[in-house]
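Each protein sequence line maps, in turn, to chains A and B.
Residue 250 in my numbering sits at position 250 of the first sequence, with consecutive numbering throughout.
Residue 284 in my numbering sits at position 284 of the second sequence, with consecutive numbering throughout.
Be aware that a few hints might be false.
Chain B is faced by these chain A residues, among others (derived, beta-carbon under 8 Å) [stated by the list, open to error]:
| no. | residue |
| --- | --- |
| 1 | R38 |
| 2 | D81 |
| 3 | L90 |
| 4 | T219 |
| 5 | V229 |
| 6 | D230 |
| 7 | L255 |
| 8 | T259 |
In short, the hints are calculated from the structure, not lab data.
Every residue, glycine too, gets a C-beta built ideally from N, C-alpha and C.
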Amino acid sequence: MPEILQKRILRRPDVFYYRVAAPLISRKAQPGQFVIIRLHEHGERIPLSLADICPEDGTISLVVMAVGKTTTEMSLLKEGDSIRDLCGPLGKPTPVRYYGRVVLVGGGFGIAPLYPIGRAMKEKGNDVITIQGARSSDLIIYRMEMMSVSDRLIITTDDGSEGLKGRVTDALRILLDEEGADLVMAVGPAVMMKAVSGLTRSYGVKTVVSLNPIMVDGTGMCGGCRVLVDGKTRFVCVDGPEFDGHRVDWDTLMLRQKTYREEERLSFEEWKKRHPHVMVEG
Amino acid sequence: MSRKMIPERTPMPEQPPEKRRRNFQEVALGYTPEMAQREASRCLQCKKPGCVEGCPVHVPIPEFISHVKEGFFIEACRKIKEVNLMPGVCGRVCPQERQCEAGCLLGKKHEPVAIGRLERFVADWDMKEGGNGMVSAEPSTGKRIAIVGSGPSGLSCAYDLARMGHEVTIFEALHEPGGVLVYGIPEFRLPKAIVAQEIKGLKELGVEIITNAVVGKLIDFEEIMAEFDACFIGTGAGVPRFMGIDGEELNGVYSANEFLTRVNLMRAYDFPEYDTPVKRGSRVAVVGGGNVAMDAVRTALRLGAMEAIIIYRRSMTELPARHEEVGHAVEEGVRFELCSCPVRIMGEDGWVKEIECVRMDLCGIDESGRRRPVPVEGSEFTIAADIVIVAIGTEANPLLLEHIQGLELNKRGYISVDEETGMTNIEGLFAGGDIVTGSATVISAMGAGRKAARAIDGYLKNRVGKRRRGGVRR
Numbered sequence: 001m002p003e004i005l006q007k008r009i010l011r012r013p014d015v016f017y018y019r020v021a022a023p024l025i026s027r028k029a030q031p032g033q034f035v036i037i038r039l040h041e042h043g044e045r046i047p048l049s050l051a052d053i054c055p056e057d058g059t060i061s062l063v064v065m066a067v068g069k070t071t072t073e074m075s076l077l078k079e080g081d082s083i084r085d086l087c088g089p090l091g092k093p094t095p096v097r098y099y100g101r102v103v104l105v106g107g108g109f110g111i112a113p114l115y116p117i118g119r120a121m122k123e124k125g126n127d128v129i130t131i132q133g134a135r136s137s138d139l140i141i142y143r144m145e146m147m148s149v150s151d152r153l154i155i156t157t158d159d160g161s162e163g164l165k166g167r168v169t170d171a172l173r174i175l176l177d178e179e180g181a182d183l184v185m186a187v188g189p190a191v192m193m194k195a196v197s198g199l200t201r202s203y204g205v206k207t208v209v210s211l212n213p214i215m216v217d218g219t220g221m222c223g224g225c226r227v228l229v230d231g232k233t234r235f236v237c238v239d240g241p242e243f244d245g246h247r248v249d250w251d252t253l254m255l256r257q258k259t260y261r262e263e264e265r266l267s268f269e270e271w272k273k274r275h276p277h278v279m280v281e282g
Numbered sequence: 001m002s003r004k005m006i007p008e009r010t011p012m013p014e015q016p017p018e019k020r021r022r023n024f025q026e027v028a029l030g031y032t033p034e035m036a037q038r039e040a041s042r043c044l045q046c047k048k049p050g051c052v053e054g055c056p057v058h059v060p061i062p063e064f065i066s067h068v069k070e071g072f073f074i075e076a077c078r079k080i081k082e083v084n085l086m087p088g089v090c091g092r093v094c095p096q097e098r099q100c101e102a103g104c105l106l107g108k109k110h111e112p113v114a115i116g117r118l119e120r121f122v123a124d125w126d127m128k129e130g131g132n133g134m135v136s137a138e139p140s141t142g143k144r145i146a147i148v149g150s151g152p153s154g155l156s157c158a159y160d161l162a163r164m165g166h167e168v169t170i171f172e173a174l175h176e177p178g179g180v181l182v183y184g185i186p187e188f189r190l191p192k193a194i195v196a197q198e199i200k201g202l203k204e205l206g207v208e209i210i211t212n213a214v215v216g217k218l219i220d221f222e223e224i225m226a227e228f229d230a231c232f233i234g235t236g237a238g239v240p241r242f243m244g245i246d247g248e249e250l251n252g253v254y255s256a257n258e259f260l261t262r263v264n265l266m267r268a269y270d271f272p273e274y275d276t277p278v279k280r281g282s283r284v285a286v287v288g289g290g291n292v293a294m295d296a297v298r299t300a301l302r303l304g305a306m307e308a309i310i311i312y313r314r315s316m317t318e319l320p321a322r323h324e325e326v327g328h329a330v331e332e333g334v335r336f337e338l339c340s341c342p343v344r345i346m347g348e349d350g351w352v353k354e355i356e357c358v359r360m361d362l363c364g365i366d367e368s369g370r371r372r373p374v375p376v377e378g379s380e381f382t383i384a385a386d387i388v389i390v391a392i393g394t395e396a397n398p399l400l401l402e403h404i405q406g407l408e409l410n411k412r413g414y415i416s417v418d419e420e421t422g423m424t425n426i427e428g429l430f431a432g433g434d435i436v437t438g439s440a441t442v443i444s445a446m447g448a449g450r451k452a453a454r455a456i457d458g459y460l461k462n463r464v465g466k467r468r469r470g471g472v473r474r
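Using the sequences and the hints, build the whole thing.
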């Protein structure tokens, strides 16, 4: 079973970084791909984007925010613990090449998968600009990593505690007005990716988004992750996860993401009842 | 005929319909030794047994039945396992009425011998006795074979190759081996413990199974061919087909694959004890008439549906599902909307509310030899439903196939193979099961796996040793 070699708290109390021993996966994984994990015999399968890939030391990295039962259980794993099932790399890699000016837009912990993408884009000689947003300054994660792969890092915060006061789309609008872009890549909550795609459409800038629907097998067998792209049914696990943001039916995606909201809440409540003293941290 | 003939077959004890429709325990309870011996005594022991002819893997049926009759159940099991690794599975899920039992001489005048039930009985007996019916392998040949996919075709191929003394490694994409046997076929028809036990037997023969390994992603096909002396692809039927009608994107619309995978592989029927949820509808409509549709509709009942409905575009006579499954579904109170075809799904606040169908007239004969359904104009009607499950088949999954340079596919996107050997147009690469034929049965996939195993063995013997290059090792 793949061992957790390193764990860090990226943001108290709920965002964690894991470096996991996965020599075979790291050998093949490309930026933009994901893995599916299952923590125990009773566990569910959840997809996680790759936050880093290190074939040199045979590791991959994952960033997880504890929001529900499985992610909270994951947050309790320690260095030396193992992940029961780790399957990947899945999905198609980001088409990395020279575009010119590439703008990476990340919201929340969605910024993490943009790190290996940004690094690959940088290696191809792109001018990489990252726009990273959060509610406030202390919620910004992966800052050093993004700085290391970006020619410029623009921070936006809702409360103005750092950088531009406002949303990532406010910063993106200014950037598009003043300098333009050859490619925008947005990763984060669907509502943010929708807003970014809506904005870039009016500028005619190609926009790639990484979708995060409900998924089960991850190999095209179940069709649970289907989305409408240009009115056609596509499977995120094998056709994606990246799609042209201007062609995605966002409302359907967001609705489908809510399918199990009630069950997810129930499952988490049950778990908390059984684990009354667990502190979600460290 | 010297002995007394018993015209009727021994009935299978079953959970009563009103009880079983709300639980996931097995429907059929299995014969007692007395029942099995009585049923075995009906066998005429034909010199040219039609039953063996009808079996895709040619189980020596009269021989095993004669052991049952004498009360040598372990020997009976060993006899079956000479050719079939999974009697516990096959006895439960094979369409015997169209295979072995269709060829039974007794069936010409009376009811055929209940071969499937006997097969199941000896498998269960053997398992209870600790699996002594397992057969042994030939001495090692030193040849290594990779098998992609651990469903029925891959498992049976692995079994035969391992018995021939070859070293076999199976790559499975999911976290649990068994393919459709674990994600598709429900617990009440095929308990997972039976599958696990029969796979354990395979491991005891020395077969290595690597789970969470997606060939084409984690390991390249070229690496497989460099590391192994031959490869068999048995990745199954693939991606679910949807109807392409309005409303299919609504919440509450499932592919049968997703619905069944959640319930079977992920044990969603035991949510929240298990983490994976599934929607429990009160009115569940299943579109399709095959075994998968029957599994889905009966699963929906067991999850608590007030009403579970099959929507099928032809009539009861054309239903492609196994007779026993249709019979069980009828007994359990499934409603059949026959000669009906969905035209759109209507929703409210993003969730399924009703499904609109049109009546179909059956006229003429189509290319499949079945009566052709034609929509009757103005016959639209709606069925209230909060869950719709689409069980209209699958298409080839391109995930692996598109990674294999030069692999010849047929018109439908499945792998083209030599029918006799299962060999593809690429040397040393074989394939079988649904990835060759499209959706079919467990036993026909097992037959294809066995056929390929024989061909692979022949191929390896006729070929000078190939040098191995750098390895894919965990």
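Results of checking the hints against the structure:
With a least beta-carbon distance of about 6 Å to chain B, the hint placing R38(A) at the interface is held under the 8 Å criterion. Restraint check, D81(A) versus chain B: the minimum CB separation of about 17 Å is more than 8 Å; hint violated. Hint status for L90(A): holds, given a least beta-carbon distance of 6 Å to chain B, under 8 Å. Interface hint status for T219(A): upheld, as the beta-carbon distance to the closest one in chain B is roughly 5 Å, under 8 Å.
Proximity of V229(A) to chain B is violated relative to the hint, the smallest CB-CB distance being about 11 Å (cut-off 8 Å). With 8 Å as the threshold, the beta carbon of D230(A) stays out of range of chain B, its nearest partner Cβ sitting at about 13 Å, so the hint is violated. With 8 Å as the threshold, the beta carbon of L255(A) comes within range of chain B, its nearest partner Cβ sitting at about 4 Å, so the hint holds. This hint holds: T259(A) has a C-beta 5 Å from the nearest C-beta of chain B, less than the 8 Å allowed.
The structure fails to meet hints 2, 5 and 6 from the earlier list, while all remaining hints are met.
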